[in-house]
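Number of protein chains: 4
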Amino acid sequence: MKVSIIGTTGYGGGELLRILHHHPVYNIQSIHTTREEIAINEEYPHLSGIIEQKLEKIDPYKIAKESDLVFLATPSRVSGKLAEAFSETDIQIVDLSGDLRLTDPDEYRIWYKDEPVKEELLQTAVYGLSEWNRAKIASARIVANPGCYPTAALLGLAPLVKEELIDPGSIIIDAKSGASGAGRGGSKSINFSEVNENLKIYKVNEHQHIPEIEQQLKKWSPKVKQITFSTHLLPITRGIMATMYVQLLEEKSTEEILELYRETYGDSPFIRIKPFGRYPSIKEVSGSNFCDIGLHADQRTGRVTIVSVIDNLMKGAAGQAVQNANIMNGIDEKAGLGFVPLYP
Amino acid sequence: MKVSIIGTTGYGGGELLRILHHHPVYNIQSIHTTREEIAINEEYPHLSGIIEQKLEKIDPYKIAKESDLVFLATPSRVSGKLAEAFSETDIQIVDLSGDLRLTDPDEYRIWYKDEPVKEELLQTAVYGLSEWNRAKIASARIVANPGCYPTAALLGLAPLVKEELIDPGSIIIDAKSGASGAGRGGSKSINFSEVNENLKIYKVNEHQHIPEIEQQLKKWSPKVKQITFSTHLLPITRGIMATMYVQLLEEKSTEEILELYRETYGDSPFIRIKPFGRYPSIKEVSGSNFCDIGLHADQRTGRVTIVSVIDNLMKGAAGQAVQNANIMNGIDEKAGLGFVPLYP
Amino acid sequence: MKVSIIGTTGYGGGELLRILHHHPVYNIQSIHTTREEIAINEEYPHLSGIIEQKLEKIDPYKIAKESDLVFLATPSRVSGKLAEAFSETDIQIVDLSGDLRLTDPDEYRIWYKDEPVKEELLQTAVYGLSEWNRAKIASARIVANPGCYPTAALLGLAPLVKEELIDPGSIIIDAKSGASGAGRGGSKSINFSEVNENLKIYKVNEHQHIPEIEQQLKKWSPKVKQITFSTHLLPITRGIMATMYVQLLEEKSTEEILELYRETYGDSPFIRIKPFGRYPSIKEVSGSNFCDIGLHADQRTGRVTIVSVIDNLMKGAAGQAVQNANIMNGIDEKAGLGFVPLYP
Amino acid sequence: MKVSIIGTTGYGGGELLRILHHHPVYNIQSIHTTREEIAINEEYPHLSGIIEQKLEKIDPYKIAKESDLVFLATPSRVSGKLAEAFSETDIQIVDLSGDLRLTDPDEYRIWYKDEPVKEELLQTAVYGLSEWNRAKIASARIVANPGCYPTAALLGLAPLVKEELIDPGSIIIDAKSGASGAGRGGSKSINFSEVNENLKIYKVNEHQHIPEIEQQLKKWSPKVKQITFSTHLLPITRGIMATMYVQLLEEKSTEEILELYRETYGDSPFIRIKPFGRYPSIKEVSGSNFCDIGLHADQRTGRVTIVSVIDNLMKGAAGQAVQNANIMNGIDEKAGLGFVPLYP
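As they're listed, the protein sequences go chains A, B, C and D. First residue of the first sequence? That's 1 in UniProt numbering, and the numbers climb one at a time after it. First residue of the second sequence? That's 1 in UniProt numbering, and the numbers climb one at a time after it. First residue of the third sequence? That's 1 in UniProt numbering, and the numbers climb one at a time after it. First residue of the fourth sequence? That's 1 in UniProt numbering, and the numbers climb one at a time after it.
Looking at chain A on its own, in the form it has when it is part of the complex (with noise of 0.2 Å):
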C-alpha cells in the first residue's frame, strides 16, 4: 500500500517517518510540506541515510491519485482544509489534528475560536480512539486521530466510566505533557531557557481537549458532567502523564478495579496495567506506542487516583494514526508497531 504524510517537517510528521520507514504493509509515496521543496534531511539531518526523499508541495488531487491513504500531519485549521479536499476524493484519510474531532460544530467554534469545517465531514469521520473504537475504524474513510491528552485521559478513565462505578460529576485531570507537544516551531514560550528547570500551567480549564474528551465520555455514559481539566508543561522532550482523581460510588478495592481494567485491556496489545502498588512513569513508554496505566483506590477518601502515560508523539499522535490506518486496512493492529521502549 502507498501512503503519503502532508505536515511532514513537524514533529508528528517526522514520527510517522520513523514508524512508516520500517512498516510491513506501507510504503512511503511522497511526502509533503507547505514550505520549500528540499529534501527531507536538509529539515531532518537525523534521517540521512534512511529517507533521502524529497519533500513536494500538496497537490490534493495528484497525492490521491498515486496514494492509498494520507496522513495529514498538519496543525488545525490546515487540516480541515486539506480533508476536506481529500474528502471529495477516494483516498483514506488520517488526521491528526483536531478539525474533524468534534462532532458538534458550535463546540468547536467556541473551544477552537474559528469555524469548523464542513458539518457533513464532521458527521463521517470516525473519531480513532483504537483500543475503543474498532469496529467503526475498521469501516472508515476518515479518521479523526484523538488527541494527545484526549488519550491518555480516556484510555485511563473508560473502564471506570463505562462501567458507572463513578460519581459522573467527579472526574478531574491533571495532565502534564513534554514540550514536543507544542511542536517544531520557534516562539519564545518554548525556548529552552524558559521551558528547562521550570514547570507552567497553561490553559487552565480553557483548553481545547476538554469537549473532546467530555464527547468521549459522555458516549460511554450519558450521565457523565462537565471535568476538570488542566495541563502542565515538563523541561521533557516526551511524553504525558494524566494523573486523574474520581470518586466512587461505592467502595471498591485497588485490585478489584485492576481487575476490572485488566479484563477490559486483555485484547489491547498496547495498554500495560500495572500491578498493586505500582505506577507508569513517562520514561517506560518512551518511542513507543504503549499506554501504561496504574490506579489506586484510597479508602480514607472513597476516591481512585488513575494514572496513565503515553508518548505524545507515538501513542498521542503518529503511532495511534498508523494503528488506526491498520485498523482500516485489516492488518494486524500491531504492525509496524513494534517498538521497544527507550530506557533509559
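These aren't lab readings, by the way, just hints derived from the structure by calculation. From a predicted model like this one, the values you see are computed outputs, not experimental measurements. Hints may be right or wrong, so weigh each one.
[As the list claims (entries may be wrong)] In silico DSBU-like links for lysine-lysine, alpha-carbon gap of 30 Å or less:
#1 K113(D) with K252(C)
#2 K252(D) with K225(C)
#3 K252(A) with K218(B)
#4 K54(D) with K188(B)
#5 K188(D) with K274(C)
#6 K113(D) with K136(D)
Guided by the hints, dock chains B, C and D onto chain A, whose structure is given.
Structure of chains B, C and D alone, referenced to chain A:
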C-alpha cells in the same frame, strides 16, 4: 546572634549557609555533620573562598553553650533525637525534619512507621507555617519547620478553607517536586538517567505529608475531611508546584476569590498573588523565599483550581526556617531573605 | 548614583536588574526597551513585588540627563548605534554587546559582517576584562564589556600566555555554553525539544569571539598566533565551560603552574583557583560572579589542560558589567556582587 | 542462534534486550545477573509484556552448553573473570568491558590499577571496532567490544591518521558523554541534582580509555604519539560527542578531507559523513547505531576540527556488540540494527 547548623552537607544545610552568609543579624558559629570533619568546601566546592569553616562533630551541650539558635537540617529520626537532646538546654531550635510536626504521636507511628519523640516535645514545638502562625512562633523556643509539600499546599488552600467556602471533603492536591527534595544521597531512584526525561508518581496516598496537611487544615476548619494527595518527581533540581482542586459550596467568581487571597496575604511579603488569568511557574521563584499563587474558578464545574509554587529548598525548607528564626527573635521577617528569583 | 538599563527585557537586562536591585550604591533610575511600554513584571513576572518600574522608550538625551551611567544590554548593531548617541553626552557607558570590543574596524567587518561604529569610539572604549584592565577601566567613560566566551577563555589562559610559557601557536579552546547565551527570542534552533538531550557544535572556526580573544592574547604576548576555537550548545540554561589546551615550551609541573595562577589572581576576589586534582563545574558558579579555574599539566604530552567556568549571564555579562561600573566609579569591585552560587 | 546476556540489569544489558528482541537471527536463550533471580520486568518495567524472561544466576558451563554466543555486559573485573571461564568452553564471547581490550598487560595495570586477565586471553581477543577490523572479527571467537569514547574518537580520527596527513603528536580529543555511561548505580556523583544544569570535567589525563585509543591509533600509524584526552559529564542521558583537533602536515581543504572520509567509509552503513558546513548533533543518532562525523579544516591555523557523535549505549556499547556478533557469524552487519534515530 550566633547560630549553628547540623546536617550541613545536605541540600537544606547548604541552602542555610547560602542564606546565613549574608544575614544581617545571625553569625554562623559552627557547622556540623555526622560524617568526617572536613572543611565545608571539600564537600561543597561552590563555597570555596566564601565559607571556609570546618565541619565539626555534633556535641549538643557544647553547641547549646556557644550558640543562640540551632537549625536541624538532619533527616527524620536523626532530628528527633537531636531535638530531644537540645530541648534540655535553652538554645532555640528550628527543626527542618518531620519529627516535631505531628502533635498526635499515633499519626507519626502510622505515617512515619517509627516511634515519635517524647510527647512533651511534640506539644511544645510550634508548627512554623510562618504566615499563619506568627504569634506562636514569636514566643516559641522550638519550631517544627513545615514540610516542603505542606508549605506549598497549605498556603494555597488556606483562605478558602478558613472561610469555609468549599466542600470540606473535596480537597485534591496534585503536587510535583524537583529532585533536590530527595536529598544528596546516592540511590538508583535518583540516578540522573532514571529521573531525566521522565516523570514519576510516588507514594500514592501514602505520603507522610498527608497527616501534616490535614492537621493544619483541620485547625482552620474542623469540618475538613481526608484529602487526596499525590506527589510526582520532576526532572528539575529545585521547585514544587501544587495544583489543587476544590469544590465551591456556592458560586464565586475568580475575581472574588483572588480578592480574598490578596486581602488575606496583604501583610505577607513572601506571598505573591497572580492577577486574573495568570498562573505561577516554578522558575519564577527559584532561589527565593516567595510562594506564588494563582487560581481560577470554573463556572462550568463550580471547582476552583489553585496553583501554588515555591522553591522547595527555600520557602519549602531553609528559607522558611530562617523566616521562622527571624520571627522567633523579633527581627524583620524578611531579614536575610531578599533574594530576587534567579531567572532564567 | 543613578543608572539606566537599555535592553531590559533580554536575559542580560534581567540579570542587571537582579544585581542592581540590591546594589549599595546604584539606584535604578530608568529601564528601557525598544518594545512596548509595559511594567517590567509583565515581561518578567518573577520580579512582581520586587521591581515595579515601567519600561520606557529610549531617549538617549533624556537618559543622559537623568542618569550617571547607562548599561547597554542590547544586541550588536543596536548597541553600536546607541553608544554613538550616548558618546555625545557625558554619561558613563557600559556596553554588553560586541560592538565596541574590536579596535580594528576591519576585524569587525570580517567577523560581524557589518559596518562598525565610528573609529573614534572604538579607540575610546576600554576593554572591560576587569581583572586585567583595572587601571584603564578606572579612568574610562566608555567600557566595552567582554563577551561571555572571551571572559572564560582569557581568564583561563592569561597567566601562561603573559609569562610566555607556551607555544604561541598551540592554543585550542573547546567552549560549551548554556542556551541563555542565545537570548530570549523564539527560533527553532533554541526550541526546547531541539536543545534538550542534545549537544550541538556551532560556528566552527567562524565565531565572532575569535578576534576578540586573539586581540587580547596578543596584547599579553605579541607572539600569539591564530587560535582554534569551538563552541557547543549545552542543554542547560546558564553557564560556560572553556576547556583549553596549550603546549608548554618547557616542562612545568601542575603545582608550579597552579602557583603562578594563585599569585596572578591573588588580589582578584572573583577568581578561584582549584587545588591540585580538582576541576571546576558549571553549577558551582551558577548565579554568581565567580570564574573558577583548574588545570593539569600532562607529563606524557607536555600539554596543559585548563578548565575555566563562569555563569554566562553574570561574569560573562551583567556581573562583569557591574564590576566594571564599580571600578569606573572607584567603588569596591565586589559591591553588589556578593552572590553565593546557587547550588544545587 | 541462541544468545545469552550477562549483566542484563545494567544499561548496556537493557539495550541488548531492546536490540535482540527484534533481531532476525538471534534468540535470547537466557539472561543473567549476579543479583536476585527476578523477572526482568521487575527490574525494567518498560519491558513488561515484551520480555518476560526470568533473570538467572550465572553458570558459565550451563550457559556455554545452551547458547551459541554470550554478551558480557558486566563491569571491568567481573567481565574478565567471566571471560576466563567462558574461554574454556567453545561459546562465542562479546565482552563489553575494558578487560580484554589492551593487549599489553602492563598498560592494563597502569590505567585500570588492577591485574589483567591471563595474557593468552588478551592475545586471543580481537578488538571489535567493527568498521576497521571486519576480517579479524569475522574469524574471532572472542571479541573485545570497544569503549564508548574510543569508538567515537577512533572512527573520527581514522582516515587522517591512517593516511598520515597529520602531525602525529598533535591529537587532542575533547569528549563529552551523557550520564548513562556512568551506569545505573546510585552514587552522589550521578545524583540528578548534581548532574542536572551542570557540566563536569573528570579523569583529566587519566581516563582508562587513553591507552585503548593510543593502541589502535598506533596500529594505523606507528608514528602517533601520546594523545590528550578529556572527558566531560553532560546533563543528558544518552550520547557522546568527541570534538577533536589535529594539525595538518600540509594544507588540505575541508572538501578534500571530507572526500577522503566519504571514500573511507563508503561501505560502512553506520557511518554518516556530514556535508560541508554541517556538523553532527548528539540527538541525531539517539537510539541508533550511527556514528555521524563532520569536520572543518581551518585555513587560518592549519588545524582540522573533527566532530564525531554516537549513542553511547548503541554504537558505543550494545549496538556495536551486536554488529560484531553479526560479523562473527557471517550475518549482514546491519541485521537487527535498523533503528531510525529517535528525534526529537
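Results of checking the hints against the structure:
no.: 1; hint: K113(D) with K252(C); in the structure: 26 Å, holds
no.: 2; hint: K252(D) with K225(C); in the structure: 20 Å, holds
no.: 3; hint: K252(A) with K218(B); in the structure: 27 Å, holds
no.: 4; hint: K54(D) with K188(B); in the structure: 21 Å, holds
no.: 5; hint: K188(D) with K274(C); in the structure: 21 Å, holds
no.: 6; hint: K113(D) with K136(D); in the structure: 29 Å, holds
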